[in-house]
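Peer 1: So the sequences go chain by chain: S and Z. Start counting the first sequence at 1; every next residue gets the next number (the numbering used here). Start counting the second sequence at 283; every next residue gets the next number (the numbering used here).
By construction, these hints were calculated from the structure, which means they are not laboratory data. Hints may be right or wrong, so weigh each one.
[Said to hold, decoys possible] Negatives, chain S to chain Z, calculated, CB over 12 Å:
(1) 145
(2) 159
(3) 215
[Said to hold, decoys possible] Simulated crosslink set (DMTMM-like; lysine to aspartate or glutamate; CA at most 25 Å straight-line):
(4) Z:446 to S:142
(5) Z:439 to S:111
(6) Z:439 to Z:429
[As the list claims (entries may be wrong)] Label-pair ranges, simulated between beta-carbon atoms:
(7) Z:380 to S:133: 54 to 60 Å
(8) Z:417 to S:28: 33 to 39 Å
(9) Z:480 to S:96: 26 to 32 Å
(10) Z:508 to S:96: 27 to 33 Å
(11) S:190 to Z:380: 41 to 47 Å
(12) S:196 to Z:416: 54 to 60 Å
(13) Z:416 to S:24: 31 to 37 Å
(14) S:190 to Z:328: 38 to 44 Å
The beta-carbon is built from N, C-alpha and C at its ideal position, and this holds for glycine as well.
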Amino acid sequence: MVTLIITRLTFLEAVRRKVALAALLLGLAFLILYALGFHFITHETGLGDEAGPTGTLLRNQVYNFFTNAGLYAVNFLSIAMAALVSADTLAGEINSGTIQALVTKPVRRAEIVFGKWLGFAGLLALYLLLMAGGVMGIVYLDAGYQVPKALTGVSIIYLEGLLIMTITLACSSMFSALATGGIVFGLYGLAFIGGWVEQIGAILKNQTAINIGIISSLIIPSEALFRRAAFEMTSPVVQALGLSFGPAFVISVPSPAMVIYGGLYLLVILGLAVRQFSRRDL
Amino acid sequence: MLRDDKVISSITLTLSPGHPRHLVKLNMTTFAIETNQLRKVFGDNTAVRGLTLQVQAGEVFGFLGPNGAGKTTSIKMLLGLGAPTAGSARLLGAPLGDRAARARIGFLPEHFRFHDWLSAVEFLNLHAQLYGMSPGQQRQRVPELLELVGLTPFRNKQLRTFSKGMLQRVGLAQALLNRPALVFLDEPTSGLDPVGRRLVRDIIRNLREEGTTVFLNSHLLSEVEITCDRVAFIKHGEVIRVSELKTLVDGETAVAVRASGLTPEILAGLRQWGQDVRADGDHLTLTVANDSALPAINRYLVTQGAEVYALTPQRLSLEELFIQIVGTDGGL
Chain S
1 MVTLIITRLT
11 FLEAVRRKVA
21 LAALLLGLAF
31 LILYALGFHF
41 ITHETGLGDE
51 AGPTGTLLRN
61 QVYNFFTNAG
71 LYAVNFLSIA
81 MAALVSADTL
91 AGEINSGTIQ
101 ALVTKPVRRA
111 EIVFGKWLGF
121 AGLLALYLLL
131 MAGGVMGIVY
141 LDAGYQVPKA
151 LTGVSIIYLE
161 GLLIMTITLA
171 CSSMFSALAT
181 GGIVFGLYGL
191 AFIGGWVEQI
201 GAILKNQTAI
211 NIGIISSLII
221 PSEALFRRAA
231 FEMTSPVVQA
241 LGLSFGPAFV
251 ISVPSPAMVI
261 YGGLYLLVIL
271 GLAVRQFSRR
281 DL
Chain Z
283 MLRDDKVISS
293 ITLTLSPGHP
303 RHLVKLNMTT
313 FAIETNQLRK
323 VFGDNTAVRG
333 LTLQVQAGEV
343 FGFLGPNGAG
353 KTTSIKMLLG
363 LGAPTAGSAR
373 LLGAPLGDRA
383 ARARIGFLPE
393 HFRFHDWLSA
403 VEFLNLHAQL
413 YGMSPGQQRQ
423 RVPELLELVG
433 LTPFRNKQLR
443 TFSKGMLQRV
453 GLAQALLNRP
463 ALVFLDEPTS
473 GLDPVGRRLV
483 RDIIRNLREE
493 GTTVFLNSHL
503 LSEVEITCDR
513 VAFIKHGEVI
523 RVSELKTLVD
533 GETAVAVRAS
543 GLTPEILAGL
553 RQWGQDVRAD
563 GDHLTLTVAN
573 DSALPAINRY
583 LVTQGAEVYA
593 LTPQRLSLEE
603 LFIQIVGTDG
613 GL
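Extracted from the complex, chain S is given alone in its bound form (with noise of 0.2 Å):
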C-alpha cells in the first residue's frame, strides 16, 4: 500500500537524516536536568520532612506541579520537534524536484499526504512516550507520586501535537519551508498570547479579554488544548477551586468541547492538505 510505503519512508528520512537522534538526545539531555531539578526541590529543600496529611497534601501540591512544569515543557518541544520535522517534508521535496519522479508513478496524491501524516503522527507518539513518560517516570520514582489522569491528559497534549504538526504538513504543501516555519511559529504564538490575554481577562474579569482569548482559540486551538490536559492532571483538590496549579496557572479553563474541537480542526486541515496538493502543479 502506498500510504504504508510512504510512512516507512517518513520513518526512515527521520532516522537517517539524524533528526530522530537530535531529538532522542536533546530529550534525554532534558530529563535528566528534569531529574536532578526534581530531586534538589523535593528532597533538600526540607519539603520531605512536614509529616502528617498536611505534609502529604502540600508535597502533593508541589508534585503535581512540577509534573505539570514537566509537561508543559515536554508540550513546547513535541511542538516544535512535530513542526521542524515535518516543515520541510512536502515543501523541500516541491523545491527540488524530488516529488516529480513520486507522483508520476501509478499513486495518488492523498496516499503520499497520508504517509507522511502518519509517519509523523508515529514519530511523534514515540517522542512524546519517551518525553511525557519519563517526566512522570521521574516524578513516580523520586517521590513515589502519581499523576491523576494521566492518560487522558497526555492524549490531549498529543491531539495538540498532532494539530501543530498538521497545520505545518498543510502549509508545507503550499508554501515553502521558510514560509511554513514562520506561519506555524506565528500561530503558536498567536496561541500563546491569547491564552494569556484570556487568562488575564479571568482575573481582571473582562469580558473583552475573555473573548479576544477565545477567538484565539478558536483560530488555533493548540494552547487551550495544553490548558484542558492541564487541568485534568491537576489533583482534585485543586481543581475543585476551579483551577490548575500548572504554571501556566491557569484559571480559564477550556471545556471539554475544546477537545472536540480540536479533533475536528485536525480533520479539516488534513483535508486542506490533500487537496492543496493533489490541486497544484509541481
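With chain S held as given, fit chain Z onto it using these hints.
Peer 2: Relative to chain S, chain Z alone:
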C-alpha cells in the same frame, strides 16, 4: 524576413509517403502519445498555446525547441505534474492520470533530485514498490538495472555521495524499472561525459528494439540526430513542424541564393519548391526536398526578372535547421 510557419494540426502530416509506417492503419492503439490542443496558462503567461501531436508506438520521438518553448511544461502536463488549462491527451490509449497506464510509463526528470539519504538499491526498491512491483520482481530487476547503467559497485552507497552523472544514470534506471511501454526522458544526457552519453544512446537503441516508445527532450542536437526517428519543433508552445529525421538530414537541402530584384510575389512563388523561404535583402534561403528542385528554382527566378548571382546548395546540420525553423528570436 519571410518565414513559413506551419502549425501542424492534422494527423496526415506526421507520416511522409515514402515511410513504411504510412501503411499502418491509423487507430487509437498505435499511438503511444496523442495530444489535442493541450494548453497551459499561468496567469497572463501562456506557456503552451495549443500542442497537438501524435507519437507512434515504438518510435523514438525528439522534442526540440528554444528555451521557454514549453517543452518541459508539455511533458509535465502529460505526466500529471500540472493540469492542462485546456485540451486533452492520451497516453498508451488511456486518459491522462490513468494509474494503470502510469505503471507502464517511465520518467527521468530534467532536474533529477532524489532522496539522497537512500542508497542506490534502496532508492530503486522504493520506486519499484511505488510501481506496484512484487518483491520477486524487485529482486530481479533492481540488480539488472544497476548493472545496465554501470552502478553495481555503488549499489550500497548513499545517493548523496553520487556525482551528477551517477545520479542521472540511477535516475534512468528508475525510469526503466517496470519495463515501461513509454519512457519520457527530459535532457537525459545533460550531465554525462561522452562515455555516459554513449551508454544512454545504447540504452535508447535497445529500448527501441524492444518496441518501447521513447519521448526525448534534448538540447543536444547531435544526440537527437543519432537516436531519434522523428522530431517535433516547438516554439511558443506550439508544434511548428514534425519531420522524419532521415528526411531532414539526408534529403533536405538548404539553398542559399544571392539575387537582386526579389519581390514578395517571387518569394511567395518559391514555396512550390521548398519551405522556410527567408529573404534578407539580396540573400535568400530556403529548404528543398532534394537537389532536383535547383534548376527549376533558377529558371523561375530568372524568368521572374530577378538577377541571380549565386545559387548554392548546402548540407544542413540539425542545428542549422533548428535555427532556421525555429528562428533565433525564440529563445528566452
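Peer 1: Each hint should be assessed against the structure and marked as holding or not.
Peer 2: Each hint tested on the structure:
1. Residue-level check passed: residue 145 of chain S sits 43 Å from the nearest beta carbon of chain Z, beyond 12 Å.
2. Remark: the non-interface label on residue 159 of chain S is consistent with the geometry, its nearest Cβ contact in chain Z lying 30 Å away (cut-off 12 Å).
3. Distance check for residue 215 of chain S against chain Z: the nearest CB is about 35 Å away, which clears 12 Å, and the non-interface claim stands.
4. Restraint check for residue 446 of chain Z and residue 142 of chain S: not satisfied, since their Cα atoms lie roughly 56 Å apart, outside the 25 Å limit.
5. The hinted pair formed by residue 439 of chain Z and residue 111 of chain S fails the criterion: a straight-line CA distance of about 28 Å is larger than 25 Å.
6. At most 25 Å may separate the alpha-carbon atoms for a hinted pair to count; residue 439 of chain Z and residue 429 of chain Z meet this at roughly 15 Å.
7. Between residue 380 of chain Z and residue 133 of chain S the beta carbon distance is about 48 Å. The supplied range of 54 to 60 Å is therefore violated.
8. Range check, residue 417 of chain Z to residue 28 of chain S: Cβ separation about 37 Å, and the 33 to 39 Å hint holds.
9. Residue 480 of chain Z and residue 96 of chain S have their C-beta atoms about 29 Å apart, which keeps the hinted 26 to 32 Å range intact.
10. The supplied range of 27 to 33 Å is met by residue 508 of chain Z and residue 96 of chain S, whose beta-carbon atoms lie about 31 Å from each other.
11. Distance hint for residue 190 of chain S and residue 380 of chain Z: a CB-CB separation of about 44 Å, consistent with the stated range 41 to 47 Å.
12. Checked against the hint of 54 to 60 Å, the pair residue 196 of chain S and residue 416 of chain Z passes, with Cβ atoms roughly 57 Å apart.
13. The hinted window of 31 to 37 Å between residue 416 of chain Z and residue 24 of chain S holds, with their beta carbons roughly 36 Å apart.
14. The hint said 38 to 44 Å for the Cβ distance between residue 190 of chain S and residue 328 of chain Z, and at roughly 41 Å that hint holds.
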